[in-house]
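**Student:** Residue-level listing of the chains:
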Amino acid sequence: MKAVHNRLVQKLREAKKLRTKLFCAYVTLGFPNLSVTEKLIPALESAGVDILELGFPFSDPLADGPTIQFASAEAIKNGIQLKDAFRLIRKLRKNGLQIPVLFFSYLNPMMHYGVSRTVRQLRQSGFDGLIIPDLPPEEGAMWEPWFKNADLSLIYLVAPTTEESRIRKISKHSNGFIYYVSLRGVTGMRRSLPSDLLKKLKIVKQLAHIPVLVGFGVSNEKQARAICRVADGIIVGSAIVEKLNIRPGKVDPAVHLASRLACAIKKRS
Amino acid sequence: MRSERKTKQASAKPDQGGHFGIFGGRFVPETLMKALDELTRAYLSLKHNSKFQKELAYYLSNYAGRPTPLYEAQNLSRALGRDLRIFLKREDLCHTGAHKINNAVGQGLLARYLGKKRVIAETGAGQHGVAAATAARLFNLSCDVYMGAEDIRRQALNVYKMSLLGARVIPVDSGSKTLKDATNEAIRDWVTNVETTHYLLGSVVGPHPYPMLVRDFQAVIGRETKVQIKKLTRSLPDFLIACVGGGSNAIGLFYPFLNEKVKLIGIEAAGKGIQTGEHAASLRKGTIGVLHGMKSFVLQDKNGQIQLAHSISAGLDYPSVGPEHAFLKETGRVRYESATDQDALLGFHLLTLLEGIMPALEPAHALGYLAKRAKNFPRGSKIVICLSGRGDKDLDVIRSAKLK
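Taken in sequence, the protein lines are chains W and Z. According to this note's numbering, the first sequence is numbered sequentially starting from 442. According to this note's numbering, the second sequence is numbered sequentially starting from 118.
Since the hints were made in silico from the structure, they are not lab data. Ideal placement from N, C-alpha and C gives every residue a C-beta, glycine not left out. Some hints here could point you the wrong way.
Partial list, derived from the structure: chain W residues whose beta carbon lies under 8 Å from chain Z [what the hints assert, rightly or not]:
id : residue
1  : Phe588
2  : Thr603
3  : Asn686
Listing some non-contacts, in silico: residues in chain W with all C-beta distances to chain Z over 10 Å [said to hold, decoys possible]:
id : residue
4  : Lys480
5  : Asp501
6  : Leu503
7  : Glu515
8  : Gln522
9  : Lys535
10 : Ile540
11 : Met552
12 : Ser612
13 : Lys613
14 : Leu634
15 : Lys641
16 : Arg670
17 : Pro694
Computed beta-carbon distance windows for the label pairs [unchecked claim]:
id : chain 1 : residue 1 : chain 2 : residue 2 : range
18 : Z       : Arg271    : W       : Lys518    : 17 to 27 Å
19 : Z       : Lys419    : W       : Arg534    : 25 to 35 Å
20 : Z       : Ser280    : W       : Pro507    : 20 to 30 Å
Throw the hints in and build the complete structure from the sequences for me.
**Tutor:** Written out as structure tokens, the structure reads:
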């Protein structure tokens with residue numbers, strides 16, 4: 442099978458060479474509205490975000506906690522469509538956005554639009570990969586060649602409940618990196634992460650032959666630093682999205698948090 | 118002998134990954150995969166474990182009240198004419214008043230074998246919630262039931278019953294505040310507490326193995342019916358009719374007849390009319406999608422967002438349907454029709470006045486359909502309707518609804 446070429450693969454290669462940690466930030470498309478998302482993404486890039494995860498809202502976000510549930514519901518009220526995601530990233534790329542962008546969506550909106558059509562449009566508009574939280578490899582395998590042929594990385598998740606043989610299997614199917622779910626539960630900020638997180642992470646790192654980024658619950662510098670002692674990077678969603686509620690229409694609080702987190706994980710390496 | 122081989126063919130569905138044709142499967146967050154694997158393995162071994170099966174049979178007969186009668190509704194038959202012989206499978210006589218207890222007792226026992234101390238459930242009208250809370254008492258498990266805030270308001274009596282049974286009813290304020298959102302919240306709870314908790318899902322929906330497991334626990338309806346109708350008429354029926362929301366009572370009745378020469382009809386809720394957009398007819402009006410961990414027919418808008426279902430009966434008010442029904446529709450083995458809110462009210466009053474049996478509004482859809490379409494059935498047809506529950510829970514709705 443052909444190797445996948447995109448900004449994500451390149452970024453991961455660079456990070457490995459320079460031994461730096463990666464910071465992936467999640468934002469919900471269209472929350473609180475499209476123009477805020479448009480302002481936010483380049484500002485996050487400037488703040489030191491390495492990878493952007495653009496979340497497409499779904500009416501029934503099973504894996505998400507209250508923050509992203511709320512953001513998704515608001516975005517749906519704003520009438521967000523898949524076309525908006527394609528249009529926005531195409532525009533931002535034209536304006537010079539360099540960082541890899543991953544498309545996050547539950548399966549249903551993509552399936553309704555048509556998976557092959559989604560794949561084509563994602564590629565053409567400048568996306569580099571996908572994260573689909575309700576698509577385990579058993580169901581995703583048949584689509585993997587489609588993504589690969591379009592140079593899109595399909596990122597699978599590994600959870601604390603995933604057994605070792607399965608971690609090996611998922612790491613073979615996952616393209617780019619493994620998204621390690623830090624805890625049993627849904628997305629959302631947690632004051633403390635599971636005490637055995639680092640122990641589990643070490644096992645995942647040993648079994649996986651690709652980088653491992655950690656998400657779910659990660660919300661402050663202390664957690665970020667601790668995770669990066671073992672993992673290749675962090676994924677932060679709810680904490681950033683939550684900051685968009687502070688001053689309606691303003692992106693600064695979210696961007697400040699992002700730059701603090703970026704500093705925290707870059708400094709120690 | 119031949120029919121035995123055929124039955125084996127039918128039980129080959131779903132495949133190992135839980136697929137019924139292109140439907141079903143397992144579309145869930147990775148955190149749940151281990152629990153679903155464990156549940157599948159445990160269930161498949163208990164399915165052939167005589168101790169488990171004996172225990173289950175004991176509770177079904179001595180606790181849940183099985184077998185339920187197959188009653189020939191002669192007054193109703195006469196009223197509809199055409200020499201029809203209409204039989205009612207009396208699931209309304211089960212403990213807690215509906216077929217839901219078959220599955221709740223089955224899964225409650227399963228939870229005990231799995232060593233889980235806590236069960237969670239989702240509920241719409243509250244029937245499954247009450248059944249789950251009941252089974253939790255029987256097997257000494259703690260029980261939390263997720264229920265939409267809107268449904269809590271509409272179904273106060275069942276909420277009270279659950280609290281009397283020691284279950285905690287957790288209101289769900291997200292989304293539409295109904296069954297769909299209660300299901301999301303139950304799954305989120307399960308993701309969080311997966312190692313100590315069994316998710317006692319109430320219908321033939323969700324990720325594999327649930328559609329298979331719930332079907333098997335409900336198939337007792339069809340197995341009994343087969344024996345009873347043969348005894349009463351010395352032959353198999355011509356038609357089986359059952360209402361379909363998620364579809365557990367329908368699959369339960371149909372499953373043992375899939376390889377027989379019997380016509381099967383599932384009735385979906387057409388709400389205010391199948392053309393109005395306010396209905397719950399996922400099979401007739403939905404498109405293929407993924408919701409609650411399964412691929413099936415789903416009511417959705419042009420952006421792939423899930424739409425709200427509408428039905429006068431909260432038990433049918435669900436924007437998708439079990440994947441095996443989707444498969445049986447695609448293969449043409451089952452015909453899916455629909456009945457409106459008005460048809461259901463007609464069915465309710467008809468059965469109440471003619472037979473002195475108050476059906477729940479869910480099976481009242483099947484009765485209303487038959488009453489309106491009786492002339493389309495061949496003369497002398499033998500028809501079994503699954504009377505999946507009794508009407509007590511619906512009396513407030515019926516009192517305030519106008520029959521046009």
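**Student:** All hints are to be evaluated individually against the structure, with a verdict given for each.
**Tutor:** Evaluation of the provided hints:
1. Hint status for W/Phe588 relative to chain Z: violated, with the closest Cβ pair at about 17 Å, above 8 Å.
2. Satisfaction of the interface hint for W/Thr603 is found here, the shortest Cβ-Cβ separation to chain Z being roughly 6 Å, below the 8 Å cut-off.
3. At its closest, the beta carbon of W/Asn686 sits 17 Å from a beta carbon of chain Z; the interface hint therefore is violated under the 8 Å criterion.
4. Even its closest Cβ contact with chain Z, about 24 Å, leaves W/Lys480 beyond 10 Å, as expected for a residue assigned away from the interface.
5. With a least CB separation of 5 Å from chain Z, W/Asp501 falls inside the 10 Å interface cut-off, contrary to its annotation.
6. At the 10 Å boundary, the C-beta of W/Leu503 falls inside the reach of chain Z, the nearest C-beta of that chain being 5 Å off.
7. At roughly 12 Å, the least C-beta separation between W/Glu515 and chain Z is larger than 10 Å, which holds for a residue marked as non-interface.
8. Not every beta carbon of chain Z lies more than 10 Å from that of W/Gln522, the smallest distance being close to 5 Å; the non-interface claim is violated.
9. Under the 10 Å C-beta cut-off, the non-interface status given to W/Lys535 relative to chain Z holds; the minimum distance is some 25 Å.
10. Non-interface status of W/Ile540 relative to chain Z is upheld: no Cβ of that chain comes within 10 Å, the nearest being about 26 Å off.
11. W/Met552, annotated as away from the interface, has a beta carbon of chain Z within 10 Å; the closest lies near 6 Å.
12. At roughly 13 Å, the least C-beta separation between W/Ser612 and chain Z is larger than 10 Å, which holds for a residue marked as non-interface.
13. Separation of W/Lys613 from chain Z is adequate, the least Cβ-Cβ distance of about 15 Å exceeding the 10 Å criterion.
14. Look at W/Leu634: its CB is around 14 Å from the nearest CB on chain Z, clear of 10 Å, so calling it non-interface holds up.
15. Listed as outside the interface, W/Lys641 is consistent with that label: its C-beta sits roughly 13 Å from the nearest C-beta of chain Z, beyond the 10 Å cut-off.
16. With a closest Cβ-Cβ approach of about 23 Å to chain Z, W/Arg670 is found to remain outside the 10 Å limit, as its non-interface label requires.
17. Listed as a non-interface residue, W/Pro694 keeps its Cβ farther than 10 Å from every Cβ of chain Z; the least gap is roughly 25 Å.
18. Range check, Z/Arg271 to W/Lys518: Cβ separation about 25 Å, and the 17 to 27 Å hint holds.
19. Distance hint check: the CB atoms of Z/Lys419 and W/Arg534 are about 26 Å apart, consistent with the given range 25 to 35 Å.
20. With their beta carbons about 25 Å apart, Z/Ser280 and W/Pro507 fall inside the hinted range of 20 to 30 Å.
The structure fails to meet hints 1, 3, 5, 6, 8 and 11 from the earlier list, while all remaining hints are met.
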